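Based on the hints, put chain B in the right spot on chain A.
Protein chains: 2
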Amino acid sequence: MAKRLGAQTVALTKAVSVAAGAAVVGSKEGEGPLRERFDEVGSDAYFGQKTWEKAESVMLKHCFELLCKKSQTAPAQLDYLLAGDLQSQCTGSAFAARESAVPFLGLYGACSTMGEAMTLGALLIDGGAAQRVCAMTSSHFCAAEREFRLPLEYGGQRTPSAQWTATAAGAVLLQSGDCGVRITHVTTGRITDGGITDAANMGAAMAPAALSTLKAHFADTGRAPGDYDAIITGDLGHFGHGLLEELMRREGYSFPNVFTDCGMLLYDAQRQDVHAGGSGCGCSAAVFAGHILKCLREGMWRRVLFAPTGALMSVVTSQQGESIPGICHALAIEAEGAA
Amino acid sequence: MAKRLGAQTVALTKAVSVAAGAAVVGSKEGEGPLRERFDEVGSDAYFGQKTWEKAESVMLKHCFELLCKKSQTAPAQLDYLLAGDLQSQCTGSAFAARESAVPFLGLYGACSTMGEAMTLGALLIDGGAAQRVCAMTSSHFCAAEREFRLPLEYGGQRTPSAQWTATAAGAVLLQSGDCGVRITHVTTGRITDGGITDAANMGAAMAPAALSTLKAHFADTGRAPGDYDAIITGDLGHFGHGLLEELMRREGYSFPNVFTDCGMLLYDAQRQDVHAGGSGCGCSAAVFAGHILKCLREGMWRRVLFAPTGALMSVVTSQQGESIPGICHALAIEAEGAA
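Those protein sequences? They're chains A and B, same order as listed. Residue numbers are given in the working numbering: position 272 of the first sequence equals residue 685, and the series is strictly consecutive. Residue numbers are given in the working numbering: position 259 of the second sequence equals residue 672, and the series is strictly consecutive.
These are calculated hints, taken from the structure and not from any lab test. Treat the numbers as computed from the prediction; the structure is a model and nothing was measured. Heads up, the beta-carbon is just placed ideally off N, CA and C, and yes, glycines get one too. Be aware that one or more of the hints could be misleading.
Examples of chain B residues toward chain A, derived with CB under 8 Å [to be verified]:
#1 V423
#2 S456
#3 A458
#4 G461
#5 T464
#6 Q500
#7 T504
#8 L520
#9 Y521
#10 G522
#11 L536
#12 G541
#13 A542
#14 E735
Straight-line alpha carbon distances no greater than 25 Å define the calculated BS3-like cross-link-like pairs of lysine-lysine that follow [to be verified]:
#15 B:K483 / B:K707
#16 B:K416 / A:K416
#17 A:K427 / B:K427
#18 A:K483 / A:K707
#19 A:K427 / A:K707
#20 A:K628 / A:K482
#21 A:K416 / B:K427
#22 B:K416 / A:K427
#23 B:K416 / B:K707
#24 A:K427 / A:K416
So that you can see chain A by itself, here it is in the shape it has in the complex:
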């Protein structure tokens, strides 16, 4: 039975493990610093399909199948599939899951979706409603540009604060029992709106949400940044991460080198011309499933805080002059034997 700590955190009382992970990325992501960490790298943006939207679904479906294969788990053994993505009406994930026959719970948390899916999956297992759950999500650069900004054919200039939506899919198998890497705490975010209206500066829009959730996590658990080997925000990118550092220092928190960000890890920002770094649901999902999980398994990190961030706007809300609300969900995850 889960135990609530403070206003936003739940401490899991049952062992809930991240039993396996799979990550499939696009060709650009496969040229970045984490290229060796992903299970598969696509040769182009299409994944054998005629449209970018279908390409995203096929990439995510393939990632799900790979997760099942790697973990020797049949889809019929999964109690729930928790998924979402950035396409309108979350069709990227719905079409990826269409033939799976797994009870499906669709989520929308923008680029925080992997954090939301893992949070709910962990709570469903801890509460006894499930034994095995798949949490997965994806994004696709070309589909997202069409959805949120301009068609690529337009050839628009990007501002320095703009981030590059990752073409990437990540999936994890959460399982009851101790399989080496465990989720111990989940801190669910409140919507936080700092008044940013520039849709090309999502790092700034999401930084206050990251601050809010990290503060809540530290207050609820009595922990400090130094209790973690790594604190990995979702995809604030270089601009947003710098802003988070400033915001945290103003609030009196230390900001040791353990702080990093999936949007900073995925690309070599200078060499790969991605401006402020990576973004998109698939960014934190693939970095978690491909890299963070392996770092925990390999003993490089013993305890991490994984905190994907999302910007909850749409083209319509931006056109109607609204500011950009952000959200961030954090999960404390430990490798076996963590102190």
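Relative to the frame of chain A, chain B by itself:
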């Protein structure tokens, strides 16, 4: 600790009550047969805003505030707010929840969203992660026409199978402990695609999903349609409901008069010119919070199966020639003293 029954159902072991409900609807919905059941009826489509999208958010926000007021619950007493809607990137609900400061979990289940939100809310309470949860959703006719079909200004003709997206918001307070009306079982749907490609015939696209989930519910629980006083699908409308009847009879199930549908209950289809009936996330949400919950409280029904259905397509998937996947989530809900 929840108990799994079969592949898709969980029997709740803790008392999880629907402690309160609130429903706010548009003027057309306020002229229908359920007009006396709703808490508030808007005087026009705008709810004081300049755009339909903002109108939807304000309507839903108002519904949430009304729920808090009616139940004498402060937002700070809520452990989670589970919400979603039909607008791209679910901004209807995100903007409605923006100032609430309640830990927020965004969902996308199309018109099944209320079923998904109540399912997850019930499981979070049953598992001990929460004491009090708000599940809410909305839809807006004008915003949905722009999102999914044609701008209203175009004045397009509607086909007989077309449904009318309800301008409506519904919210319920789920709470640990016995408050008279309890959720006893949740059956989570699989995505089911019958190959329908006509986005003006969503009832047909969703009927196979309703069949799939109802069959699973009866198989998992050992119950039959006759064990319920009412079986209320989400918004199949008149066409889809007729199709569900045919599909169920073919599978050897009886289809007694206890079967009805939120899309059939909301409007007087002939008089109000809504063709096949109501649809939209807000349809089943407002009919549940305004009508079904009262029927349980007033003793008219002792045990109901509430089964909202959703069509998981977007304009883009339809334009790209995809068929329409459907989903349906069912909840068994009992009034005090049900046999």
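Could you tell me which of the hints above the structure violates, numbers in ascending order? 2, 3, 4, 20, 23
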